[in-house]
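Chains as they are written, first to last, in the numbering used here: chain D, 1 to 309; chain Y, 1 to 309; chain H, 1 to 309.
Be careful, since some hints might not be right.
Pair ranges (Cβ atoms, derived) [claimed, not checked]:
hint : chain 1 : residue 1 : chain 2 : residue 2 : range
1    : H       : Asn13     : Y       : Ser240    : 48 to 54 Å
2    : H       : Gln232    : D       : Asp278    : 52 to 58 Å
3    : H       : Asp252    : Y       : Gln232    : 18 to 24 Å
4    : Y       : Ala237    : D       : Asp278    : 34 to 40 Å
5    : H       : Asn13     : Y       : Glu54     : 39 to 45 Å
6    : D       : Lys35     : H       : Lys262    : 43 to 49 Å
7    : H       : Thr90     : D       : Lys37     : 33 to 39 Å
8    : Y       : Asn221    : D       : Lys37     : 31 to 37 Å
Think of the hints as simulated: they come from the structure by calculation, not from any bench.
Just so it is clear, CB atoms sit at the ideal spot from N, CA and C, and this is done for glycine as well.
Take a look at the letters that make up each chain.
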Amino acid sequence: MASLKGKDILHGNQFSKKDIDAILKVASEFEKELKKKDGLPLLKGKIIATLFYEPSTRTRLSFEAAMQRLGGGVISMGSVESSSVAKGETLADTIRTVSQYADVIVLRHPRTGSAREAADATPIPVINAGDGAGQHPTQALLDVYTIHKELGSLKNLTISLVGDLKNGRTVHALVELLSLFQSKLYFVSPGLLRMPEEITANLKGKGMKIVETEDMMEAANASHLIYMTRIQKERFADLSEYEKVKGSFIIDQTFLNKLKKKITILHPLPRVDEIHPDVDTYSGAAYFRQMRNGVFVRMALLAMIFGKR
Amino acid sequence: MASLKGKDILHGNQFSKKDIDAILKVASEFEKELKKKDGLPLLKGKIIATLFYEPSTRTRLSFEAAMQRLGGGVISMGSVESSSVAKGETLADTIRTVSQYADVIVLRHPRTGSAREAADATPIPVINAGDGAGQHPTQALLDVYTIHKELGSLKNLTISLVGDLKNGRTVHALVELLSLFQSKLYFVSPGLLRMPEEITANLKGKGMKIVETEDMMEAANASHLIYMTRIQKERFADLSEYEKVKGSFIIDQTFLNKLKKKITILHPLPRVDEIHPDVDTYSGAAYFRQMRNGVFVRMALLAMIFGKR
Amino acid sequence: MASLKGKDILHGNQFSKKDIDAILKVASEFEKELKKKDGLPLLKGKIIATLFYEPSTRTRLSFEAAMQRLGGGVISMGSVESSSVAKGETLADTIRTVSQYADVIVLRHPRTGSAREAADATPIPVINAGDGAGQHPTQALLDVYTIHKELGSLKNLTISLVGDLKNGRTVHALVELLSLFQSKLYFVSPGLLRMPEEITANLKGKGMKIVETEDMMEAANASHLIYMTRIQKERFADLSEYEKVKGSFIIDQTFLNKLKKKITILHPLPRVDEIHPDVDTYSGAAYFRQMRNGVFVRMALLAMIFGKR
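Isolated chain D, as found in the complex (with noise of 0.2 Å):
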């Protein structure tokens, strides 16, 4: 594989399959030593920048326990600041500036692309933890390696993703590093969310299976793992569009009764009421154990970034 080292995370098609298999790899090492350690210091004196100009506590969160389990200190701005330090700044001065204080920086921003602008401002190596509708290359990689640990490969699965399709910017990363490996899909979402056509044409292209359906049970009983999402109300214009849908597609006890198997669960949380907490219970219901992998995923990232795996 490429070396991660000083590099950019900045888009899920960045990574080859031997990228994802080498950040697995590291993320499931210090997994393994963190149950008999305390923390890893491989990055003492290092130092993470987590700029949110708009609010993502868990990630940012996930981030700051991730630097700190490996022995690097954190500087951070909130999504509150944000809008005050600018003065009228632009994003490019912001992140140079921010680089002369910090060795990594993690970028949370409302505008898609605005990463990659970042990435052009500065030397040191960016993280994109979410820009607007565009990518978050980190959750991608955590749900894939949430995937391998709890089904004990990537190969030859059939997936079923289900919610707002379209605007979702998790699936959309998802979806990008799944074409890697021979997986089935199944895109389950009303009408008005669908996953783009030209996502679903070039995954096609890539020789995926996607079936599209708005039959949650007939995916779920086809798939080994189901990847719910939230339909998000705050992309919705028209919230009367909002009202018809948000319903639709839940999973509850009664939809794991009918089930014909047991089937893995995730979801990148936070859940309203698609998952009702009637089956957090249930033992595929993986999406907290996900959060955890989360850190994992992202220690695997910044040591390989600072070079020290």
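Given the structure of chain D, go ahead and fit chains Y and H onto it with the hints provided.
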């Protein structure tokens, strides 16, 4: 004592006399060691998450200083973020998620019972840093530590508690702990803000001597220590009621001059005008020392929860 | 020099020439060592508190990075929290409380004189990170460090200061320090925003040569270095006055082409449009290097205050 290793800290009444003795001993040991050393790196590689759903910078900073003095790391969700992180998420889900990142959660939440709810949602220890009108046990422990340190003992004391005894969770938790020792208590408050009857009855049932009065001078002259509290504007539905009582219980130079003997003065801070700044140089004014003790007590609790003492 | 151990950093005029030489030497030493090592763990177990009563993420992150590069910890109160933490509390009380948690306080406050007030309230060192229209001494020190590094000396320099010289505390603190060396200064500003007369008179009294002008080109052609500042909208009561002057003093490629010789350009950042992005690739454009120098200078100050240099 029952070990605190892996335990939640939720309520003042969870501690036995032996528990308190043990916590005070560890806190005192840490206080002495910190005078000789730069930090006590017992918790390297460990992480606490501070989740504050309402502002209490004082308590948050005290915990974060305690954890860092022990060599550990901190991830933090501020009160401003807490509204946005949720996106409709339940407290249980947020707690379960943050549990994947941190080893201990420190929670401040406006809803009584929320700390218990959080503890039920996760296998990792939860420390209640204030839950609405409920409890704030680490404050009570630092108060007891301060009383012990200032007066040399916790036995056979007479203590006056002054101010808003109705809504003050600080005093509620404190009297819970004091009831383990043979102390006599004066409850000094306006009629509107008297200690809730069930608490008073409960204390009497444990053999405590309780005197309820509106005469602060009488109480002070009979006491070794006076514990002042702020009459909290935000607890009043009717602001005219607040205006009526706020100036009623004030310690100033005039009050000290009339006192028959030296008294020790505590206050959980922040104060508004219930203790005049003139009093700060009085040798019995122990409220800033009390703040410092908070760090030692929280260090002791954290070290004990992690099984390092 | 007088040792900085345990000292407050409040005002540019507290430093002698020897002090500045000593600070610059330590900063330079740290800069070199950081190229070879991952951090300089001189302040392990020590904690600074950053208290920012108005937003200045840039300055805060620079201090927090400096402390962490030295192995120390940080507790932080953001500008948003500052309003709520107070609950009517005086600055002195907040400072005295935070003094119980941290070893050094870094304070940013909108009120002139607040840093002095804070220092009087506590025995621990206070660093003024900007107090209203008052001082910002660490900015002045990093500016002087940058001038020395870029030009190789602090003596016999001609320096132009451009922009809002009336309200700019940055330039006020800088000229204070420059007055210790034999430099000639051009004050370039619109009439409305001229350097306050008492400062100019004071500098002249110290033997400085001062030229006041509105002609930036004339000043630049006579100078080794030009220090640009933003014309700060928020300082203007009358916005129409702001609109009149804001575009008056701008460096762009056209300006550089007309210059007779290379010049070094500094700016405290953020900029709005007073330096065009085209200028960033000019070899004399030193304003991002200047940001980085801030970390080395703050590391030096912290280490010296803690008696570690």
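Fill in: Earlier hints that do not hold, by number
Violated hints: 3, 6, 7, 8; rest satisfied.
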